[in-house]
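Which chain is which? The protein sequence lines are A and B, in order. Add 92 to the 1-based position in the first sequence for the working numbering, that's all there is to it. Add 465 to the 1-based position in the second sequence for the working numbering, that's all there is to it.
Please note: incorrect hints may appear among the correct ones.
To be verified - Straight line, CA to CA, 30 Å or less: simulated DSS-like cross-link-like pairs of lysine-lysine:
#, chain 1, residue 1, chain 2, residue 2
1, B, K952, B, K880
2, A, K285, A, K218
3, B, K689, A, K223
4, A, K223, A, K245
5, B, K952, A, K218
6, A, K282, A, K334
7, B, K967, A, K393
8, B, K880, B, K566
9, A, K282, A, K218
Simulated from the structure, these hints should not be mistaken for laboratory data. Here the structure is a predicted model, which is why all the values come from computation and not from measurement.
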Amino acid sequence: MEKLGFRSIKPWKNSPMISNSSLLALLPTQASTLASDVDLITIALVLLCGAVTFGLMSAIAFFVVRYREGSVVDRSPVRGVELKLEIFWSTVPLLIFICLFVWGAERYLEMHSVPAGASEIYVTAKQWMWKFQHANGTQELGELHVPLGRPIKLVMISQDVIHSFYVPAFRMKQDVLPDRYTYTWFQATKPGKYRLFCTQFCGTEHAAMGGDIIVLPEAEFQQWASIGVSQVSLRGSGDYVKQGQTVFERHGCISCHGSDSVVRAPSLNGLYGSRVFLDNGDSLVADENYIRESVLEPEVKIVKGYENIMPSFRGQISEEEMVSLVEYLKYSKTMSIKSMEKERGGRE
Amino acid sequence: MRSSHDYLNSDVTIRSWLCTRDHKRIALLYLISITLFFFIGGAAAAIIRLNLMTPSGGLVSAETYNRLFTMHGVIMVWFFLIPSIPTVLGNFLVPLMIGAKDLAFPRLNLLSWYIYILGGSFTFAAIVAGGVDTGWTFYTPYSTAFSSSFVLLTAAGVFITGFSSILTGLNFIVTIHRMRAPGLTWFRLPIFIWSMWATSVIMVLATPVLAITLLLMAVERVFKVGIFDPALGGDPLLFQHLFWFYSHPAVYIMILPGMGVVSEIICCFARKRIFGYAFVALSSVAIAVIGFFVWGHHMFVSGQSAYAGVVFSFLSFLVSVPSAIKVFNWTATLYKGNIQLRTPMVYALGFIGLFTVGGLTGLFLAVLAVDVHVHDTYFVIAHFHFIMVGGMVSAYLGGIHFWWPKITGKIYPEKWGIAAALLLFFGFNLTFFPQFILGYLGMPRRYHSYPPEFQIYHVMSTLGSSILGLGYLLPFSYLLWSLRFGKDAGPNDWNASGLEWKTSSPPPPHNFESTPLVTQEAYDYGKSS
């Protein structure tokens with residue numbers, strides 16, 4: 093509608109599908125399993141705070157009128173209530189605050205525990221765009237298609253500064269950091285097209301770093317996934333695991349990490365999700381961040397019993413390649429790398 | 466009749482002003498400088514609001530817009546809000562209220578003004594050179610590795626000005642501990658002194674952390690030493706931890722003095738001793754202490770551990786209890802008072818209303834699950850403007866009006882005063898209340914352009930801001946007018962308690978003819994009503 097006067101490089105458009113609907117809507121669309129929970133807390137807070145504000149303001153207005161200068165009213169001092177009142181209005185708010193705290197914290201921890209079986213999508217942020225990689229290798233720019241009603245885990249990383257992934261309709265937000273994966277998840281409950289914003293200031297075109305999340309019912313999503321290269325989407329070549337294998341081979345990882353290699357390096361079979369013991373006595377569970385760090389800065393965490401001999405691969409592997417490499421190692425959790433190689437070699 | 470020998474006319478040369486060691490004159494030097502910065506920061510805000518009238522943000526380019534909001538933030542936080550009440554009213558009133566001749570270190574006090582001006586010049590130079598686009602928060606690695614604006618010059622300005630804060634804080638602490646008049650025990654002090662003491666403690670303890678943080682940022686930007694930038698082996702979240710370790714307590718530097726001013730005004734115009742004196746006084750100290758342990762609530766979605774989030778959420782609820790106590794006590798002070806609705810009182814009541822809304826919306830942000838949704842949206846913008854502009858600036862203007870006769874010896878026009886206070890209250894609400902809704906609908910902060918569905922609230926906000934702007938220009942004009950045309954003030958036209966009212970208006974260079982002896986608790990309004 094108002095096309096004239098636009099100067100920004102990517103003006104926001106009114107889209108009939110984007111549902112903030114009415115002119116004076118007070119709540120954004122609820123389109124995830126978390127949305128109504130968050131709104132419920134908000135509504136409770138609005139009622140509580142509204143009542144407190146109204147009560148206080150009424151009391152002030154009443155006192156100002158009743159005890160105005162020169163009015164003839166009883167002003168005899170009241171004694172002996174001060175301490176009781178102070179205790180009352182310190183402890184009652186505190187108790188209410190504790191309830192609010194517990195309520196909010198419970199939901200927050202829920203936001204941080206990804207349901208088992210969530211499908212993973214990798215998100216790469218950079219000035220000023222969002223890139224998504226699906227497990228089947230499909231890549232999208234500025235647009236993300238997700239199935240309705242299935243939990244989706246996002247594994248996110250930035251190539252430059254800090255960004256933040258925010259979908260108001262899902263009441264979900266997570267900063268996206270350079271050099272470290274952060275995670276979040278959601279489960280969409282309503283088909284539609286929802287706005288994605290970057291909410292961490294990231295430079296000149298920060299305001300234009302948006303996108304759309306498109307929630308499709310399962311059947312439509314499958315259809316999209318099989319053919320669907322939408323206008324702005326790109327098709328990657330092959331799936332993750334296969335891409336990862338290429339990266340794995342190109343950098344000669346197998347020559348040290350293979351079971352029959354001369355150089356002694358820890359085996360990568362079943363690495364993801366397993367407990368790793370380090371030479372400083374610590375231990376950790378191998379996750380995306382550990383694998384990534386070990387490729388880029390192998391000297392930081394040395395596996396117990398091994399030498400610090402691996403060179404750093406920093407600058408040699410792009411974020412997209414890293415993602416596929418991690419996926420490849422995850423896949424090897426269920427299958428030894430050797431047999432994987434055989435199987436894949438056989439397939440080709 | 467103005468006394469022939471007051472601090473304003475005892476020596477009128479420019480040199481006598483620039484080399485003065487009189488805390489009252491230094492307060493005026495600060496008043497002039499921070500007013501200047503306030504209008505620069507305000508002008509930036511005006512352009513921001515105009516730009517946001519249309520979704521496309523057609524008035525200025527994205528590049529310019531980013532520099533404008535950064536400049537607005539940097540100037541308003543470090544060159545107006547943090548110095549505002551402490552350096553103007555604090556400088557003027559701390560010695561007067563405790564019956565001292567001056568602050569403990571008068572030369573240091575003058576030095577702190579020069580440091581402020583030096584820091585201000587650096588930041589001003591950065592603006593003139595082309596500005597800075599990192600946001601007032603200077604988040605890394607954007608500020609150290611990506612921004613091509615004048616980050617170092619601006620940060621140098623903030624770094625330098627920090628020392629002015631530290632010196633002022635140090636000066637106040639020593640003065641309050643060592644120079645109270647005979648008989649003026651801690652629990653006879655005006656609440657304003659308690660709040661200045663708590664503020665000073667924060668200034669002295671937190672500001673060095675800011676200095677270190679900015680220094681590390683500069684080292685990384687210039688020498689490429691990896692501290693915060695992961696590409697160099699640093700950790701970007703470390704910057705946020707350090708920055709908020711200063712900047713959250715800094716929020717209390719910006720509000721505690723306002724709470725002190727409002728306590729004075731309410732007691733005077735309700736003609737009553739403050740209700741729950743010890744609770745109001747000690748809640749300032751509680752805020753200062755707990756305020757140091759809540760910085761992580763700026764980082765609930767930053768990638769810090771979820772359990773850290775839970776701990777910081779709990780502490781954030783805890784720090785709001787003392788603020789709640791204050792609001793209840795102010796309200797209770799009005800009960801059975803003898804209330805005179807003079808200009809300062811209108812500001813003070815406006816403060817209670819706006820601070821209450823600002824404080825209660827802080828609860829939304831302390832609730833973890835809700836913060837995830839509204840973090841970095843206009844909800845947060847609205848929340849802290851309610852506290853800092855609705856709260857602190859109302860308190861500051863209320864205080865300026867209350868002590869104007871004492872500071873200048875002149876009386877301002879009362880009707881204009883009340884009109885301006887009401888205008889400000891309505892203008893403020895119209896500007897910032899719609900922003901709560903905007904934020905909950907998902908409008909992110911620091912956006913030069915935005916989706917069209919948000920426009921209606923932005924238009925409301927911009928209209929409100931024009932009223933707000935008028936509200937600020939009004940007192941500026943009639944207060945200046947009163948300097949020349951206002952009636953002469955007596956020593957105590959408000960009939961207020963407090964030692965500052967026991968001397969002439971304006972006070973003589975050394976404040977009191979003879980050192981006062983205190984035999985009463987603060988606010989002995991009991992008999993006069």
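Hints versus structure:
1. B:K952 / B:K880: Holds: B:K952 and B:K880 sit about 14 Å apart, inside 30 Å.
2. A:K285 / A:K218: holds, 22 Å
3. B:K689 / A:K223: holds, 29 Å
4. A:K223 / A:K245: The given pair, whose Cα atoms are some 15 Å apart, holds under the 30 Å limit.
5. B:K952 / A:K218: Judged against 30 Å, a Cα distance of about 63 Å means the pair is violated.
6. A:K282 / A:K334: Violated - the C-alpha atoms of A:K334 and A:K282 are around 33 Å apart, more than 30 Å.
7. B:K967 / A:K393: violated, 70 Å
8. B:K880 / B:K566: violated, 35 Å
9. A:K282 / A:K218: Roughly 28 Å separates the two Cα atoms, so the pair holds.
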